[in-house]
Amino acid sequence: MSDLKLRVKEMIIERLKLEGLTPDQIEDQAPLFGEGLGLDSIDALELVLGIEQVFGVKIEDEAAGMRAFKSVQALTDFIAEHAKA
Amino acid sequence: MDILAHLPHRAPLLLVDRLLEREPGLRVVAEKLVTADEPYLLDHPAGGAQVPGPLLLEMLAQAGGFLEAETLHGASIFLAGVRDARFHAPAVPGDRLRLEVAAEGAFAGLMRLQCAATCEGRDLCTATLLVKRL
Chain P
1 MSDLKLRVKE
11 MIIERLKLEG
21 LTPDQIEDQA
31 PLFGEGLGLD
41 SIDALELVLG
51 IEQVFGVKIE
61 DEAAGMRAFK
71 SVQALTDFIA
81 EHAKA
Chain D
1001 MDILAHLPHR
1011 APLLLVDRLL
1021 EREPGLRVVA
1031 EKLVTADEPY
1041 LLDHPAGGAQ
1051 VPGPLLLEML
1061 AQAGGFLEAE
1071 TLHGASIFLA
1081 GVRDARFHAP
1091 AVPGDRLRLE
1101 VAAEGAFAGL
1111 MRLQCAATCE
1121 GRDLCTATLL
1131 VKRL
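Line order of the protein sequences matches chains P and D.
One point on numbering: in the working numbering, the residue at position 22 of the first sequence is 22, and numbering is uninterrupted.
One point on numbering: in the working numbering, the residue at position 128 of the second sequence is 1128, and numbering is uninterrupted.
Hints are computed from structural coordinates only; laboratory data are not their basis.
There's no promise every hint is true.
Said to hold, decoys possible - The list that follows gives simulated cross-link-like pairs (lysine-lysine, BS3-like), each with its CA atoms no further than 27 Å apart:
# : chain 1 : residue 1 : chain 2 : residue 2
1 : P       : 5         : P       : 58
2 : P       : 5         : D       : 1132
3 : P       : 58        : P       : 70
4 : P       : 17        : P       : 5
5 : P       : 58        : P       : 17
6 : D       : 1132      : P       : 58
7 : P       : 70        : P       : 5
8 : P       : 70        : D       : 1132
9 : P       : 70        : P       : 17
To be verified - Restraint ranges, calculated between C-beta atoms of paired labels, are given here:
#  : chain 1 : residue 1 : chain 2 : residue 2 : range
10 : D       : 1017      : P       : 23        : 28 to 38 Å
11 : D       : 1008      : P       : 67        : 31 to 41 Å
12 : D       : 1025      : P       : 83        : 22 to 32 Å
13 : P       : 56        : D       : 1078      : 45 to 55 Å
Said to hold, decoys possible - Just so you have them, the derived chain D footprint on chain P, three or more residues with Cβ under 8 Å:
#  : segment
14 : 24-35
15 : 38-47
Please read these numbers as outputs of a predicted model, since none were measured by experiment.
Where is the CB? At the ideal position from N, CA and C, for every residue including glycine.
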């Protein structure tokens, strides 16, 4: 697992208080919302704030969110693409 | 600021009396004077007249309604979630409550607010609230 992907999974677990879940139990391609992790709109806001605080990347609107929140892999790619060097 | 024109709430559940400071989208400080004749003060399980904790959270959420630049009249703002609410001291009749609300971030119509209620420097309640406009 890439270092960034591991940090993304750790941030998800910590921010959403998914106690009992470990990073390797979250599948890279599983959807974050609905099926998969089953997150809701309140979780989405928590993640948006977490991503900004931990990685310095802003998710500006719902369109960007739709793209970033498809899966852990998509979110990792989004952060890698937008993080300041 | 005309409070009645901005919030849809009405007595006895209009829980903001006055706006002290307001930066739309960022920060609001409002005031609520707790008076002895308010119906929710009755029958508090802890004994004695005091504001129930959930209504302190409602006061803070209503103050948060003034973060919106336009009037909320005709729309509704809902308290969607409460995180880490802590109650430090009771609010009692005669207290002039200072309700401080700061927007921490927003996404898809939901907003997260950092809130604190104090009275003459006394900490009464701190909470993180999630509100949604529909």
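Evaluation of the provided hints:
{"no.": "1", "hint": "P:5 <-> P:58", "result": "holds, 17 Å"}
{"no.": "2", "hint": "P:5 <-> D:1132", "result": "violated, 31 Å"}
{"no.": "3", "hint": "P:58 <-> P:70", "result": "holds, 16 Å"}
{"no.": "4", "hint": "P:17 <-> P:5", "result": "holds, 18 Å"}
{"no.": "5", "hint": "P:58 <-> P:17", "result": "holds, 21 Å"}
{"no.": "6", "hint": "D:1132 <-> P:58", "result": "holds, 20 Å"}
{"no.": "7", "hint": "P:70 <-> P:5", "result": "holds, 14 Å"}
{"no.": "8", "hint": "P:70 <-> D:1132", "result": "holds, 23 Å"}
{"no.": "9", "hint": "P:70 <-> P:17", "result": "holds, 20 Å"}
{"no.": "10", "hint": "D:1017 <-> P:23: 28 to 38 Å", "result": "violated, 49 Å"}
{"no.": "11", "hint": "D:1008 <-> P:67: 31 to 41 Å", "result": "holds, 35 Å"}
{"no.": "12", "hint": "D:1025 <-> P:83: 22 to 32 Å", "result": "holds, 26 Å"}
{"no.": "13", "hint": "P:56 <-> D:1078: 45 to 55 Å", "result": "violated, 31 Å"}
{"no.": "14", "hint": "24-35", "result": "violated (count 0)"}
{"no.": "15", "hint": "38-47", "result": "holds (count 5)"}
Violation of the numbered hints given earlier is confined to hints 2, 10, 13, 14; the remaining hints are satisfied by the structure.
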